[in-house]
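*Asks:* Line by line, the protein sequences are chains A and B.
Here my numbering is used: position 171 in the first sequence is 1280, and no number is missing along the way.
Here my numbering is used: position 52 in the second sequence is 53, and no number is missing along the way.
Simulated from the structure, these hints should not be mistaken for lab results.
Hints may contain errors.
Using C-beta positions, here's what the derived DEER-type ranges look like [what the hints assert, rightly or not]:
hint: 1; chain 1: B; residue 1: Arg17; chain 2: A; residue 2: Leu1149; range: 45 to 53 angstroms
hint: 2; chain 1: A; residue 1: Gln1130; chain 2: B; residue 2: Ser16; range: 46 to 54 angstroms
hint: 3; chain 1: B; residue 1: Arg23; chain 2: A; residue 2: Phe1254; range: 19 to 27 angstroms
Glycine residues also receive a C-beta, built at the ideal position from the N, C-alpha and C atoms.
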Amino acid sequence: MKIGIAGIGGIGSNVARHLAQAKVSLVKIVDFDCVETANLNRQFYRTDQVGCKKTISLETNLHAIYPKMVIEMKDKKITPENVVSIFQDCSMVVEGFDHPHLKKMLMEKLAGTDKKIVSASGIAGRDLDTVKIKKLANCHIVGDFSSDQDKHALFPPKVALVAAVMAGIVLHQMEK
Amino acid sequence: MKIRLNGRTIECRSSRLTGLVREMGLAPSSVVAEVNLEVVTQEKWESTWIKDGDEIELLSFVGGG
C-alpha cells in the first residue's frame, strides 16, 4: 500500500516521520520547496539541510529511521491539473498544504475516487485540547477547524500533535 | 424547509447549494460541501437543489500545513 503525502512541511514531514517509525514500507512525497531556517522549529529537517530540496532532505531523514522504506519523490508543484495523476497509484493521500484553497482542491479532486484522504485544518494557536477529527465522505480532517496560520502564530507542539493524529489515522486505515 | 447542517437542524431559505454557502457567510474558495454523505464539487453547487431533510456538511478549511 502506497501512502502519498501532498506537501512536506510541518504536517507532511512529521506524518512521514511517524510512518517511518511505524515501518511503513512505501510512500510518495511531493513538494517543490526548499528547507528554510524558519521551518526548523516544527518541521522534520536539520540545520545543515537549509537551502536543500525538502524531498531529498526528507528522504535522508526517513532513511535514517527506517532504511528499507521505499520513498518515491516528486519535486513538483501540485495543481488541479496534475493532482489526480500524481496520486493515482496511492491508496491513501495525506494533505499537508498551507493554503485552504489547495486543501479544498485536493479533497474535491480526489472525492470521487476510492482513495482515503487525511487532511489538516486548524493547526495554529497554543490550545491543544481543541484538536478534533471530522469525517467527510472518504476524508478524515484533523485540527481545530478555526485557527488560520495567517492570523494565529504556529505553536510547534500543536503542529506535531495534529500530524501525530493524522499518522494514527493512516496506520489505523492500513490495518483495515 | 428544514435541513441538517453540520449536525444541527436549521430552517433553510436557499434553494440551491450556492445560496446556502452564501447564506452561511462562507468563502466559497475554501469550502468543501458534502450532501447526504457525498462530496459535491464547487462547479455543481449551482445545479444542486436542496431538499427537505437533506444532511449537509459545509467545511471551511483554514490555512496551515
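*Asks:* Take the hints in turn and mark each one as holding or not.
*Replies:* Structure-based check of each hint:
1. B:Arg17 <-> A:Leu1149: 45 to 53 angstroms: Since Arg17 (chain B) and Leu1149 (chain A) have Cβ atoms about 47 angstroms apart, the given range 45 to 53 angstroms holds.
2. A:Gln1130 <-> B:Ser16: 46 to 54 angstroms: 51 angstroms, holds
3. B:Arg23 <-> A:Phe1254: 19 to 27 angstroms: At roughly 20 angstroms between Cβ atoms, Phe1254 (chain A) and Arg23 (chain B) fall inside 19 to 27 angstroms, so the hint holds.
The earlier numbered hints are all upheld by this structure, with none contradicted.
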